[in-house]
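Which chain is which? The protein sequence lines are C and G, in order. So in our numbering, spot 88 of the first sequence is number 88, and the numbers just go up one at a time. So in our numbering, spot 159 of the second sequence is number 1159, and the numbers just go up one at a time.
Misleading hints may appear alongside valid ones.
As the list claims (entries may be wrong) - Here are the simulated lysine to aspartate or glutamate pairs, EDC-like style, with alpha carbons at most 16 Å apart:
| # | chain 1 | residue 1 | chain 2 | residue 2 |
| --- | --- | --- | --- | --- |
| 1 | G | K1216 | C | D8 |
| 2 | G | K1127 | G | E1105 |
| 3 | G | K1054 | G | D1019 |
| 4 | G | K1026 | G | E1063 |
| 5 | G | K1217 | C | D8 |
| 6 | G | K1217 | C | D6 |
| 7 | G | K1202 | G | D1019 |
| 8 | G | K1216 | C | D6 |
| 9 | G | K1225 | G | D1172 |
It should be emphasised that the hints constitute simulated quantities derived from the structure, not laboratory data.
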Amino acid sequence: MKEGFDADSPIYLQLAERVNRKILRGELQPGEKLPSVREMALQSGVNPNTVQRTYSELERMGVVEVRRGQGTFITNKKERLDRLREEMRHEKIADFVRAMEAMGFSPEEILLGLEEYLKHDLNGGMKSD
Amino acid sequence: MIELRGVSKHYGRKPALIDVNLSLPKGKVIGVIGPNGSGKSTFLKLLAGITKPKHGIVTIDGEQVDRRIARKVAYLSERDITYSFFTVQEAIDYYSSQFNDFNKEKSYQIVDFLQLELNRKIEDLSKGNQGRVKITLTLSREVPYILLDEPLSGLDPVVRESIINGVISFVDLDWQTVILTTHEVDEIEPLLDIFVAFREGKLIEVMEIDALHENKKISLLQWMKKVYSDKPQLLKSV
């Protein structure tokens, strides 16, 4: 599928994750207004119904607030956004660990490998071979 | 809502659609897929009231479809524009005189959005710009159902993207429904709520795109490759 959407989860969830990443990176600030549904649809090349679902999902998560007649805004609640950061961290680590375990690596190997990787990475980018 | 009950259609002795039962909700973008000759275009023509079923009933919002359904349905045909000796402006004027629901102001917005020139003759335009004119004339009609037969076919990637963006920008899913046929499934997939698949005149699947990703974890193209290459009769000897 085009535009970097994966086939293994619904597009509205992938779009929600994109918004969450932008929040974590600081590209979207607390209280900032999100594009209108149609604008976001156009930017992402998806159906406006999909964007509507994305915004509903983000609202359900408490990450955005819908203000009637005004639009959709990133929440100002700092503790919610801090928690989002923790949730995303946990989720990505869980994905990684699942993938490693599926290849037969033990927790010790994973931990050791991760430590070494991070050490090399910090010492000058011996990331990939 | 669109409903088909026991719908069959033949061209001569050749069946084009066989006993199709289907209902489709409003406010969605629905993609109709299948190989050439599977019945996609016939399905769209039945909804547009351009052709009649041999058996069965087609209704739109409870109204049985005949030629008068054109009040509710805008149909973009796969063929070239009939009045290609018109300029873009003349085509807009002509459509506006033919359809009470034609919104001229909207047509100028779309012309602007798609960067068309009003004073150019349609037959002198590139194939891509002719495609843009066709979509302009279709989307300018304020009707609840918009049927697009192969809107992307034969067009280059830039034009295909601009047509998709035109649909996103100028269709209001709060009250409009889009049904389109296409072979460009990869490009159209992010635009779809639901897909409908035909094979050899038979309806073989109706599914929400979200359900495809959530449950089967595959793209529409992968689904098609899997389903349409399935030839059980050839695998018997294995």
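Verification of the supplied hints:
Proximity of K1216/G to D8/C is assessed by CA-CA distance (about 8 Å); at most 16 Å being required, the pair is judged to hold. Taking the CA atoms of K1127/G and E1105/G, the gap is near 25 Å; set against the 16 Å cutoff, the hint is violated. Among the hinted pairs, K1054/G with D1019/G is consistent with the structure: their alpha-carbon atoms are about 10 Å apart, no more than 16 Å. This hinted pair checks out: K1026/G and E1063/G have alpha carbons roughly 14 Å apart, not beyond 16 Å.
A distance of roughly 4 Å separates the Cα atoms of K1217/G and D8/C; the hinted pair therefore holds under the 16 Å criterion. Note on K1217/G and D6/C: the hinted pairing holds, with a Cα-Cα distance of about 9 Å set against a maximum of 16 Å. Distance check on the hinted pair: K1202/G and D1019/G sit about 7 Å apart at the alpha-carbon level, within 16 Å; holds. Using a Cα cut-off of 16 Å, the hinted pair K1216/G and D6/C holds, with the two alpha carbons roughly 12 Å apart.
At roughly 32 Å between alpha-carbon atoms, K1225/G and D1172/G are farther apart than 16 Å, so this suggested pair is violated.
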